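These protein sequence lines are chains Y and D, in that order. Each residue of the first sequence is one higher than the last, beginning at 645 in my numbering. Each residue of the second sequence is one higher than the last, beginning at 2 in my numbering.
What the hints contain is simulated information worked out from the structure, not anything from laboratory work. Keep in mind it's a predicted model, so treat the numbers as computed, not measured.
Partial selection, computed: residues in chain Y whose CB lies under 8 Å from chain D:
1. 700
2. 731
3. 734
4. 789
5. 790
6. 791
7. 792
8. 795
9. 813
10. 815
11. 816
12. 818
Just so you know, even glycine gets a beta-carbon here, dropped at the ideal spot from N, CA and C.
Here is what each chain is made of, one letter per residue.
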Amino acid sequence: MVTPARRAPLTKDLVLQALQDVKDPEIPVVSIVDLGIVQGVVLAGGRVTVSITPTFTGCPAIEHMRREIVERLIELGADAVEVPIVLDPPWSTDRITPAARQAMEQIGIAPPHSGFTADESLSLTIAVESVPCPWCGHRNTSLESAFGPTICRSIHYCHTCRQSFEQFKALGPLHHA
Amino acid sequence: MGIDARVKQPLRELLYALGDDAFLLGHRNAEWTGLGPILEEDIAFSSMAQDEMGHAVVWYGLMADLGHPSPDAIAYGRQAADWRNARMFEQPRGDYAYSLMRQYLADLSHAVRYDALMQSSLGALATAATKLRQEEKYHLIHGRTLIERLARGTSESRQRLQDACDALFGFALGIWEPTDGEDVLVSSGVTVSSEELQSVWLGVAAGFLAHCGLKPPADVKDGVWRATTEAQWGGRRGEHGADLQTILDAMTLLHRSHPGAVW
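The shape of chain Y in the complex, shown without the other chains (with noise of 0.2 Å):
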């Protein structure tokens, strides 16, 4: 393997840059940045620490994420590279960027509500708010099924335009009333 010379010295500025080529695999429209999937980073000389928080703990990418920062970076000038996963404070989907969430809307995928209402999962009432549609933007839609082809989304039909679409499940802070 050849070690690439360095162009100029890393920043965390160009080290977040860099991490804009890493996308979900999943969701190969956004980055792993926009995500808000990357947590910190620290440079100590050659060295590079990047420290991800998965978006669901069950999520198999996150192994193939960390080997591409990893390459990614060496591939940019850093001498070593470590990717620590840390759970705190716990990801949440307020961390995804606007543009992440317009970017999934082109290609189908609603974006999760945004703030969190109270958690009523353990009473006996359930409110599920319905989703505007990613294709024609009405919001007559119907939830199909909380879980869909990854953990991280859920499967609705839209009645208007008679198309089923996915949308990323919310994730963050759950209040008890």
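On the provided structure of chain Y, position chain D as indicated by the hints.
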């Protein structure tokens, strides 16, 4: 993790219990993949199985500081008597109603326990519980929706759920069998007693099932629910039935055939 020596062994017992419960539940529900009654439920159980496996890895991962650096070694390297799962989780998957009821009773126990662990004096436990608790929300929405719909469905769907409830409830009470040394964990603020958590869980579970028109084996008096069926304990002490050996034989076959193999 910075743990007091006194707390180490009791903590290990608790982490084994939490991890083993999740791991086996995930394994059993993965048995529905390709065989679900309808596609959406096939996906639901497969997805929830994946979540449970992820949760198991989090609990096993916390053992790195307790002399168990590898979740793989924990999952594949132990004998049946070393496992600390509640016996509910080693039972075969039964029919769909059985698995649905089991997942609901388990998820509710996770919500109750993780709510308590979020206040743990051990930061690493509080962090893990906070993250995992957020994911339980979707499991509970699923379980509550399907159980209510099917309990109020046909006489067959209601009967199957009632049979599942009757078969499972004693085993579900086994989730609250205290792990060895729990009193040390309680006095150090690491966790709340299983007895206390059981009464929260029982109130919600029995209340919900009764609301759906089912008859949980429990009575309510002055707003307090008490179980009327015997709790099936033993799992937290490593006392398991033949079903656990069957699962372990299947799960560890590859690991044992090719020790040290790398994918």
